[in-house]
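Start from the sequences, fold in the hints, and give me the full structure.
There are 2 protein chains.
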Amino acid sequence: MMQIRRKQISRKRDFPVDDIRRFLEPGPIVLVSSASKGRRNIMTMGWHMIMGFSPSLVGCFIWDQNESHELIRRSKACVINVPTADLIETVIGVGNCHGSEGDKFDRFSLTPRPAKKVDAPLIAECYANFECKLVDTSLIRRYSLFVFECVKAHVATKPKYPTTVHYRGHGVFMISGHNRSYRRLFKPEMLEE
Amino acid sequence: MMQIRRKQISRKRDFPVDDIRRFLEPGPIVLVSSASKGRRNIMTMGWHMIMGFSPSLVGCFIWDQNESHELIRRSKACVINVPTADLIETVIGVGNCHGSEGDKFDRFSLTPRPAKKVDAPLIAECYANFECKLVDTSLIRRYSLFVFECVKAHVATKPKYPTTVHYRGHGVFMISGHNRSYRRLFKPEMLEE
Numbered sequence: 021m022m023q024i025r026r027k028q029i030s031r032k033r034d035f036p037v038d039d040i041r042r043f044l045e046p047g048p049i050v051l052v053s054s055a056s057k058g059r060r061n062i063m064t065m066g067w068h069m070i071m072g073f074s075p076s077l078v079g080c081f082i083w084d085q086n087e088s089h090e091l092i093r094r095s096k097a098c099v100i101n102v103p104t105a106d107l108i109e110t111v112i113g114v115g116n117c118h119g120s121e122g123d124k125f126d127r128f129s130l131t132p133r134p135a136k137k138v139d140a141p142l143i144a145e146c147y148a149n150f151e152c153k154l155v156d157t158s159l160i161r162r163y164s165l166f167v168f169e170c171v172k173a174h175v176a177t178k179p180k181y182p183t184t185v186h187y188r189g190h191g192v193f194m195i196s197g198h199n200r201s202y203r204r205l206f207k208p209e210m211l212e213e
Numbered sequence: 021m022m023q024i025r026r027k028q029i030s031r032k033r034d035f036p037v038d039d040i041r042r043f044l045e046p047g048p049i050v051l052v053s054s055a056s057k058g059r060r061n062i063m064t065m066g067w068h069m070i071m072g073f074s075p076s077l078v079g080c081f082i083w084d085q086n087e088s089h090e091l092i093r094r095s096k097a098c099v100i101n102v103p104t105a106d107l108i109e110t111v112i113g114v115g116n117c118h119g120s121e122g123d124k125f126d127r128f129s130l131t132p133r134p135a136k137k138v139d140a141p142l143i144a145e146c147y148a149n150f151e152c153k154l155v156d157t158s159l160i161r162r163y164s165l166f167v168f169e170c171v172k173a174h175v176a177t178k179p180k181y182p183t184t185v186h187y188r189g190h191g192v193f194m195i196s197g198h199n200r201s202y203r204r205l206f207k208p209e210m211l212e213e
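Chains as they are written, first to last, in this note's numbering: chain B, 21 to 213; chain L, 21 to 213.
Zero decoy hints are in this set.
Distance condition first, Cα-Cα at most 25 Å in a straight line; then the derived DMTMM-like pairs of lysine to aspartate or glutamate:
{"hint": "1", "chain 1": "B", "residue 1": "Lys207", "chain 2": "L", "residue 2": "Asp106"}
{"hint": "2", "chain 1": "L", "residue 1": "Lys207", "chain 2": "B", "residue 2": "Glu87"}
{"hint": "3", "chain 1": "L", "residue 1": "Lys207", "chain 2": "B", "residue 2": "Asp126"}
{"hint": "4", "chain 1": "B", "residue 1": "Lys57", "chain 2": "B", "residue 2": "Asp139"}
{"hint": "5", "chain 1": "B", "residue 1": "Lys207", "chain 2": "L", "residue 2": "Asp84"}
{"hint": "6", "chain 1": "L", "residue 1": "Lys207", "chain 2": "B", "residue 2": "Glu109"}
{"hint": "7", "chain 1": "B", "residue 1": "Lys207", "chain 2": "L", "residue 2": "Glu109"}
A few chain L residues that face chain B, going by a derived Cβ cut-off under 8 Å, partial list only:
{"hint": "8", "residue": "Asp39"}
{"hint": "9", "residue": "Gly47"}
{"hint": "10", "residue": "Ile70"}
{"hint": "11", "residue": "Ile108"}
{"hint": "12", "residue": "Tyr163"}
{"hint": "13", "residue": "Met194"}
{"hint": "14", "residue": "Asn199"}
{"hint": "15", "residue": "Tyr202"}
{"hint": "16", "residue": "Arg203"}
{"hint": "17", "residue": "Met210"}
Ranges of calculated distance between the beta carbons of each label pair, as one might list FRET restraints:
{"hint": "18", "chain 1": "B", "residue 1": "Met210", "chain 2": "L", "residue 2": "Glu212", "range": "37 to 45 Å"}
{"hint": "19", "chain 1": "L", "residue 1": "Arg203", "chain 2": "B", "residue 2": "Arg59", "range": "27 to 35 Å"}
{"hint": "20", "chain 1": "L", "residue 1": "Ser120", "chain 2": "B", "residue 2": "Cys117", "range": "50 to 58 Å"}
{"hint": "21", "chain 1": "L", "residue 1": "Pro134", "chain 2": "B", "residue 2": "Pro208", "range": "32 to 40 Å"}
{"hint": "22", "chain 1": "L", "residue 1": "Asp39", "chain 2": "B", "residue 2": "Trp83", "range": "13 to 21 Å"}
{"hint": "23", "chain 1": "B", "residue 1": "Ala144", "chain 2": "L", "residue 2": "Gly191", "range": "27 to 35 Å"}
{"hint": "24", "chain 1": "L", "residue 1": "Arg203", "chain 2": "B", "residue 2": "Ala144", "range": "23 to 31 Å"}
{"hint": "25", "chain 1": "L", "residue 1": "Asp39", "chain 2": "B", "residue 2": "Gly58", "range": "33 to 41 Å"}
{"hint": "26", "chain 1": "L", "residue 1": "Arg203", "chain 2": "B", "residue 2": "Ser158", "range": "32 to 40 Å"}
{"hint": "27", "chain 1": "B", "residue 1": "Arg127", "chain 2": "L", "residue 2": "Thr131", "range": "51 to 59 Å"}
{"hint": "28", "chain 1": "B", "residue 1": "Asp139", "chain 2": "L", "residue 2": "Pro134", "range": "51 to 59 Å"}
{"hint": "29", "chain 1": "B", "residue 1": "Tyr202", "chain 2": "L", "residue 2": "Arg33", "range": "27 to 35 Å"}
{"hint": "30", "chain 1": "L", "residue 1": "Gly122", "chain 2": "B", "residue 2": "Arg31", "range": "46 to 54 Å"}
{"hint": "31", "chain 1": "L", "residue 1": "Ser120", "chain 2": "B", "residue 2": "Ser30", "range": "40 to 48 Å"}
Worth flagging that the hints you see were computed from the coordinates, not collected in a lab. C-beta atoms are modelled at their ideal positions from N, C-alpha and C, and glycine is treated no differently.
Below you can see the structure in the form of structure tokens.
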């Protein structure tokens, strides 16, 4: 059993769904949670991209060997959870095992919370939780690409920006560094995007 | 005219195309260069994802208001260039202006180099250059999503990992932090992916 050292997550607040790029566009590893017919699962995911603001679209690569692939196809929903660097051992552990090896919430001492708008559990220990509906299944067969719409976002009230983990392959992670505004260099109309 | 302070890029080497995720999966802002019929352009891009190792696929969101959209549709090629943090003012400047406002290589003192396998210029000042062929146009109309295959990769010999810039919207960037191997925590078969 791995050692667990986790920070306490501050209270969460509703966050505008059309601005979740603040947390996803920088490219962190995320945990995807899902449920269907009494089963639930979590997977570690690194291949995702923002595809629109309004509706708030996110494209996710979910390989058909993951149990989550089937659960999400059936329930047409998932939660994208953003873990912080203190959860890195959990992130790796979740990625190391298959859904068939037992319930991952129990195994990794993660706390499921009910979502407001979709049928999938939030992971309480994560900095942010994005409730997503599957809105396009047409790219699943060709590219394992699920297109989701984020319909509700919960984000910790602090810190303003989380310290996230970003995967480079071969066991190497980049940890997110400092954040800085360069607004003064932007044309005003470019800040709308 | 903005002040330019740039580091010298070390010599580049060929890099395995099936391992470019080392640089793209962490989610950096990239510069996309393209050319067609005597015109060339550069755009700043934050919405991209790895979609496969072999072939080496990258999905890129390229809005139809960018001149690059047309150039890439015509030439069926681009180069994805990875800039480092010392180029952040150039990255913002390139994003601030439209291709119709003049040649961006000249305007931002960037050096075009011929690609080996595609008809698009590399940006010499960037840490890595990925020559890409457009392999799927079917998602362009619906999602502005271009699916590219990387056919040749050039990467600076050092440092091993670049310090990259990651966009959060509203003028705020995250600068990549330290890199660390957690191989000891991975199951061996998980390191293959």
